[in-house]
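Take these sequences, add in the hints, and give me the full structure.
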Amino acid sequence: MTRHKSSTRDGLAAAGIGLRSAHVAEIMETRPAIGFLEVHAENYMTGSPAVAALEDLRHDYPISIHGVGLSLGSAGALDREHLLRLRTLVDRIEPDLVSEHLSWSGLPSIYLNDLLPLPYTDESLEVVSDHVDEAQAALGRRILIENPSVYLRFRHSTIAESEFLVELVRRTGCGILCDINNLYVNADNFGFDPWAYLAALPVRAIGEIHLAGHHRADVDGRSILIDDHGSAVSKPVWDLYAHALDRFGPKPTLIEWDSSLPALPVLLAEAHYADRIGAMQAAERRTRAVA
Amino acid sequence: MPSLEELQKDICDAICVGDDTRVSELIAGDGMDPASRLRIYRNHAVITLTDALKATYPVVCRLVSDRFFAYAAHEFIREHLPEQPNLAEYGAEFPGFLAQFPPCHDLGYIADIARLEWAINQALHADNVAAIARGDLSGISSADAPRLVLTMHPGLRLVESRWPVERIWRANQADGDPDLSIDLDSGGVRLQVHRRGDRVMLKSLSPCEFAFLQALARGDSLADAADIALRLDLLFDLAAALGTILEDGIVTGFRLQPPSED
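Protein chains in written order, with our numbering: chain A, 1 to 291; chain B, 292 to 553.
Don't take every hint at face value.
Stated by the list, open to error - With a cut-off of at most 25 Å between alpha-carbon atoms, the simulated DMTMM-like pairs for lysine to aspartate or glutamate come out as follows:
1. B:K300 / A:E81
2. B:K300 / A:D122
3. B:K300 / B:E380
4. B:K345 / B:E451
5. B:K300 / A:E126
6. B:K345 / A:D114
7. B:K300 / B:D357
8. B:K345 / A:D228
9. A:K235 / A:D246
10. B:K494 / B:D528
11. A:K235 / A:D275
12. B:K300 / A:D130
13. B:K300 / B:E316
14. A:K251 / A:E94
15. B:K300 / A:E123
16. B:K300 / A:E134
17. A:K235 / A:D218
18. B:K300 / B:E370
19. A:K251 / A:E167
20. B:K345 / A:E94
21. B:K345 / A:E123
22. B:K300 / A:D114
23. B:K494 / B:E451
24. B:K494 / B:E380
25. B:K345 / B:E457
26. B:K345 / B:D321
27. B:K494 / B:D418
Derived by calculation from the structure, the hints in this document are not laboratory data.
Shown next as structure tokens:
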């Protein structure tokens, strides 16, 4: 069996893709060259054959486990049962990366299947910090927290999102999963400078980068960007990615594509394009260092 | 300023039941009506939960059309939100909902197709416990055999319908014949749904085989289960039935019931 495991001490050298069920059989059979595979934790919490397939694939690829349901931003206690299921999965798969979101998903016994926005306040910072502490203790490892795409902001927010993340990192020792598409979508929808946002993030905390597609939609007469992971990465997001790499250096990068899923080669081409941008940025950084 | 807990309750109300009276004034306008912003989240929840239901109930969706399915799912989601993030466990109440859903009144078989698809979903996601083989029972003497209580595979489901749901289900698979016409009055079916490796198998059973398995699944001894089967069919062959379920890989353990005192 060909081994493509490309994990290095500095992280996952080549770009990865989100593993979606429609592609599993083809990946199992052809074992294409991919830097790593990322799965949504919640799709692997039963005894389904998908878990066995992942256990097989983890021998050939570094795995990233990306949670969408822990609801770190919910007031009150974390769902311990869900955290336990996540721990069982992490123990079983031994992933290279584990990540979750700066968001909340419902109330006790109501799961809205969405990443809902938080007011960025001292109270929220305390809640999220406590929950990140608890999750990291339960999992016995550092987790990465992703900046979400948001479609509403609260009047009583007092902290900028980037500052909120910086403080969360300082308090909990967590890392940041910097989603460039989410950042681009938010910056466009709310009219702020994504470069300044990137400049505020601590380089050493960045553990992963996400790239995805978005589309423009008309919502009650206003045109906004919706982060739907349903198309190729757009030109301005690639540009912002290149700028992020210039600032952060090489980071494990993932192509997310969840709806209107393309054929596997299309997804692989996106990942290889990310690798090319990474190589170009690395060369530029070397040139600058010499000069 | 509300506490985070109050705010989250209010947002849930806004998303679940469309009541945004308390929360709108907390949302920055940013050039758009707060209600429109909340609607983005509401739509997202409905669309993704409809997709989750569609993934579990693909044949129901195919039979009623995408549009009708989306309508039924929307009505269902209003009453039944997921309680936790593992969406493979979401939608258990959908068959019962369809059975009571007035627009489905003339499609009596739809709820039973949904019951079958829920059983398939449960079989697929059950823990894959190793089955025992015939040889594992070789130490049991024929005198003790009637007291055997078998542990059935956690993915085993038994589905009974007065409609030909198995034929309807098969005709609506990717390799099924779309032009096949099925007489809805051609009789009911009793099905054993079980997981074998990566695949879920459907197997049609006779009334006595079905009753035998139902008895075993609820923990009856071999003797009691055989009694029930024999009452339905005097020619029920216990040894053959036992051999079949062992071969199907749906027995995962056994114990002996203590001898009765009388």
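Now for the hints, and whether the structure bears them out:
1. B:K300 / A:E81: Holds, because 21 Å separates the two Cα atoms, which is no more than 25 Å.
2. B:K300 / A:D122: Holds - the C-alpha atoms of D122 of chain A and K300 of chain B are around 19 Å apart, at most 25 Å.
3. B:K300 / B:E380: holds, 24 Å
4. B:K345 / B:E451: Holds, because 23 Å separates the two Cα atoms, which is no more than 25 Å.
5. B:K300 / A:E126: The given pair, whose Cα atoms are some 19 Å apart, holds under the 25 Å limit.
6. B:K345 / A:D114: The given pair, whose Cα atoms are some 18 Å apart, holds under the 25 Å limit.
7. B:K300 / B:D357: Answer violated: K300 of chain B to D357 of chain B is near 32 Å, above 25 Å.
8. B:K345 / A:D228: holds, 19 Å
9. A:K235 / A:D246: holds, 17 Å
10. B:K494 / B:D528: holds, 18 Å
11. A:K235 / A:D275: Judged against 25 Å, a Cα distance of about 15 Å means the pair holds.
12. B:K300 / A:D130: holds, 20 Å
13. B:K300 / B:E316: holds, 15 Å
14. A:K251 / A:E94: Satisfied, since the Cα-Cα distance of roughly 20 Å is no more than 25 Å.
15. B:K300 / A:E123: holds, 16 Å
16. B:K300 / A:E134: Satisfied, since the Cα-Cα distance of roughly 23 Å is no more than 25 Å.
17. A:K235 / A:D218: holds, 21 Å
18. B:K300 / B:E370: The given pair, whose Cα atoms are some 17 Å apart, holds under the 25 Å limit.
19. A:K251 / A:E167: holds, 21 Å
20. B:K345 / A:E94: Given pair K345 of chain B, E94 of chain A is violated - Cα atoms ~31 Å apart, limit 25 Å.
21. B:K345 / A:E123: Roughly 38 Å between the alpha carbons, so the hint for K345 of chain B and E123 of chain A is violated.
22. B:K300 / A:D114: Status holds; Cα separation ~15 Å.
23. B:K494 / B:E451: Between K494 of chain B and E451 of chain B the Cα gap is close to 12 Å, so the pair holds against 25 Å.
24. B:K494 / B:E380: holds, 24 Å
25. B:K345 / B:E457: holds, 19 Å
26. B:K345 / B:D321: violated, 35 Å
27. B:K494 / B:D418: holds, 20 Å
Consistency with the previously given hints fails for numbers 7, 20, 21 and 26, ordered from lowest to highest.
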